[in-house]
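Quick mapping for you: the protein sequence lines, in order, are chains F and B.
Numbered according to our numbering, the first sequence spans residues 1 to 435.
Numbered according to our numbering, the second sequence spans residues 1 to 435.
Hints listed in this document are in silico derivations from the structure and should not be mistaken for laboratory results.
Within a straight-line C-alpha distance of at most 30 Å, the following computed DSSO-like cross-link-like pairs (lysine-lysine) qualify:
no.	chain 1	residue 1	chain 2	residue 2
1	B	Lys-138	B	Lys-275
2	B	Lys-138	F	Lys-33
3	B	Lys-91	F	Lys-33
4	F	Lys-91	B	Lys-91
5	B	Lys-63	F	Lys-343
6	F	Lys-101	B	Lys-33
7	B	Lys-138	B	Lys-63
8	B	Lys-101	F	Lys-91
9	F	Lys-138	B	Lys-33
10	F	Lys-19	F	Lys-138
11	F	Lys-167	F	Lys-138
12	B	Lys-275	B	Lys-331
13	B	Lys-138	F	Lys-101
14	B	Lys-101	F	Lys-33
15	F	Lys-63	F	Lys-343
16	B	Lys-172	B	Lys-227
17	F	Lys-33	B	Lys-172
18	B	Lys-227	B	Lys-247
19	B	Lys-33	F	Lys-172
20	B	Lys-172	B	Lys-247
21	B	Lys-19	B	Lys-33
22	F	Lys-343	F	Lys-19
23	B	Lys-19	F	Lys-101
24	F	Lys-12	F	Lys-33
25	B	Lys-63	F	Lys-33
26	B	Lys-12	B	Lys-33
27	B	Lys-331	B	Lys-343
28	B	Lys-343	F	Lys-63
29	F	Lys-138	B	Lys-138
30	F	Lys-331	F	Lys-19
31	B	Lys-33	F	Lys-91
32	F	Lys-247	F	Lys-167
If you want the ones that stay clear, here's a sample from chain F, every Cβ over 10 Å from chain B, calculated:
no.	residue
33	Lys-63
34	Pro-108
35	Arg-146
36	Gly-435
Heads up, the beta-carbon is just placed ideally off N, CA and C, and yes, glycines get one too.
Chain residues, written in single-letter form:
There are 2 protein chains.
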Amino acid sequence: MRLSSYFLPTLKETPNEAKIASHRLMLRAGMIKQSAVGIYSWLPLGHRVLQKIIQIVREEQNKAGAQELLMPTIQSAELWHESGRYDDYGKEMLRITDRHKRELLYGPTNEELITDIFRSSVRSYRDLPLNLYHIQWKFRDEIRPRFGVMRGREFLMKDAYSFDLTKEDSDKAYQNMFVAYLRTFARMGLRAIPMRADPGAIGGNQSLSHEFHVLAETGESDVFYDKAFDSVSLEDMANADLEMANKLQSLYAAAEEEHDPDNMPIDSDDVQSGKGIEVGHIFQFGTKYSEPMGATVTTPDGDQVPVEMGSYGIGVSRLVGAIIEANHDDKGIIWPESVAPFKVVIINMRTNDEGCTGVCDDLYAQLDDAGVEVLYDDRDERAGVKFADAELIGIPWQVVIGPRGVKEGIVELRSRSGGEPENLAPADLLSRLIG
Amino acid sequence: MRLSSYFLPTLKETPNEAKIASHRLMLRAGMIKQSAVGIYSWLPLGHRVLQKIIQIVREEQNKAGAQELLMPTIQSAELWHESGRYDDYGKEMLRITDRHKRELLYGPTNEELITDIFRSSVRSYRDLPLNLYHIQWKFRDEIRPRFGVMRGREFLMKDAYSFDLTKEDSDKAYQNMFVAYLRTFARMGLRAIPMRADPGAIGGNQSLSHEFHVLAETGESDVFYDKAFDSVSLEDMANADLEMANKLQSLYAAAEEEHDPDNMPIDSDDVQSGKGIEVGHIFQFGTKYSEPMGATVTTPDGDQVPVEMGSYGIGVSRLVGAIIEANHDDKGIIWPESVAPFKVVIINMRTNDEGCTGVCDDLYAQLDDAGVEVLYDDRDERAGVKFADAELIGIPWQVVIGPRGVKEGIVELRSRSGGEPENLAPADLLSRLIG
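Chain F extracted, bound-state conformation (with noise of 0.2 Å):
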């Protein structure tokens, strides 16, 4: 994408309504606008980020056996009085009359409508195990919007939840997405530690719950984990598997709600303390839906009983800002290469020296053809405007051409992460950048 006809409305100025880094960050890097209170659009750059973690979300998910639906965001409310939930929520969910004075709403969450679509079609143990998941927008009127895209009014989600004939089965169907959980995070550069939830009065003391949270200096709560968390990897994470999962459930974690400084399982010197972002929830909640809505199947022995299920959520329009607030310094955004809206930028120096421009039209035509995404700043604009606009939207590499390089053979790569930079011959470039 050459930069000189992408739309990429970057700011000089922050913008006083920001807070928090990421809602800054996202702001001046032409990410998104917003267009109400708390809802945004997602210009070409964050819409790009944001299919980049979709898709990493959609693989994991694929991969522990979820199937992917698609469930409208307006809901009729008829179900919501089935479950008894319509009353109970309050002011954050959106209320709609249609046309013909139908009560509607705007999903909040998707528990009743799942719970619905399975009792339509489902009605034996041996449809079991079921996992459906969708990715879908949603929208909570909170009463006060704030940090951008963290806490925004629209916001897409992830939701799966697991359908099981006994409480048994729905553990596994649990652990099996809490290791899908450690996976993706960690695909996404990101440490998320779990933590014991409190389940509540939902699901009963023997349900399972935790919430991920993603260790950043900004971060919304603080949170207390056992420092044996910083000896798991990111690459210990993202290959995680029941054993992992076992082992990070055993460690301490808790978030401010949770924890007693003064009753601990573990000695004080042991505890790491920080801030944490929840991005991701999972939890059991029995029969909690199933029994009000009918949502029942028979059993091997002939009986009919309520089908056990869990619920499984991941913030992924707020995981965006939950990336930048963990991956960034005082000059701009530094992507985790996996959600980088492009892999490289190619920043030449001096676009009315004929050498400088074919060395850089070149060089990006090959990379394009060879499949890298890459941004190319062919702008008429001077060196200093265009290293501070690839540090703002942080792009890994940066490679940078000038004509003092070109007639010496040679270019610059730079990390966005930091490092020396290095020269190297164009050829060379392409090897450490394809591939």
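Model the placement of chain B on the given structure of chain F, informed by the hints.
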């Protein structure tokens, strides 16, 4: 995907509410489930098709130089007051009031929002031409939703918007999109006929406007077109260029409303008639929104002028229905390969025969490893049920494997679109289906 664990709730009986083939078949094939009047959940099989269509639309938009972003579903009423459309738009607009009594709406279209995005960052003719698109759910509160996804209330649309300095440039942008539309529909196996539409009062007499109608016996409206269209192959359309666009625009084609049999520019013997389904609509609307909303750019002379705009829509969810209307028989759907949910279905005729199941398992693993999208009917069901389901869901290639063939070292390959079954050795089958 093994069918024994795939969520594919096919129906034996035809639901009463479905009046047209695509609606009936989508319900029967387990592709969708109605969740409220005119609002559908896309079950896994339907979701796969929808994704295929999205991907083709996206690729052709990107190739044409349009840039993808994503605007939200919920919009503030403010912008619509600015354009003057808030009061004009009737009851089809779903109007919403949030907890703070602010007026919102579920976007039925996005001219206002995209104009706002444009005006907030583009200042100069130097930043033109620009074409921005998104693929997003829209809502129109139809008084009488019907025909399944063909006329639903919540529907998926691709809408692109072009921005140009002059009418002449806008014409270029229009023709560029026209070509992309020919390619897009042809890649889905659709003969879509472009028909000159009435630009109405919107953009003035000089405005360009075309509707694209898919020919299908069960189409909603009568269409009339020069028989010369019949000599243009799908392949020609899939490789369309500006020359082809000009050629097709010179041919007579009109939907009912625009057709006057007593006043045609060509001999009536050269006119074919048929039934059409509108799947795309492109039109220029000049400065209709840029003027009232102040979306201006500076010209090379330093003047400020409102930007010239065009709008390019494709009914993405509607296309699923249109493709089925154009491709089915009395047994079920006949997917064009480019949008099929799976390329191949393996039918295991005897799951309790070890040899037969061994061959099936091997072929399934090999096709899957090679990246072929394959559905494996490994259910413990009668052959008749399996054939009926395979016909119903319309996978292009059926591989039928029974104990007798296995003993002779052959499997049977059938095309859903007809022709004689072929007997092949498994190795030959693989080379036919892979690559």
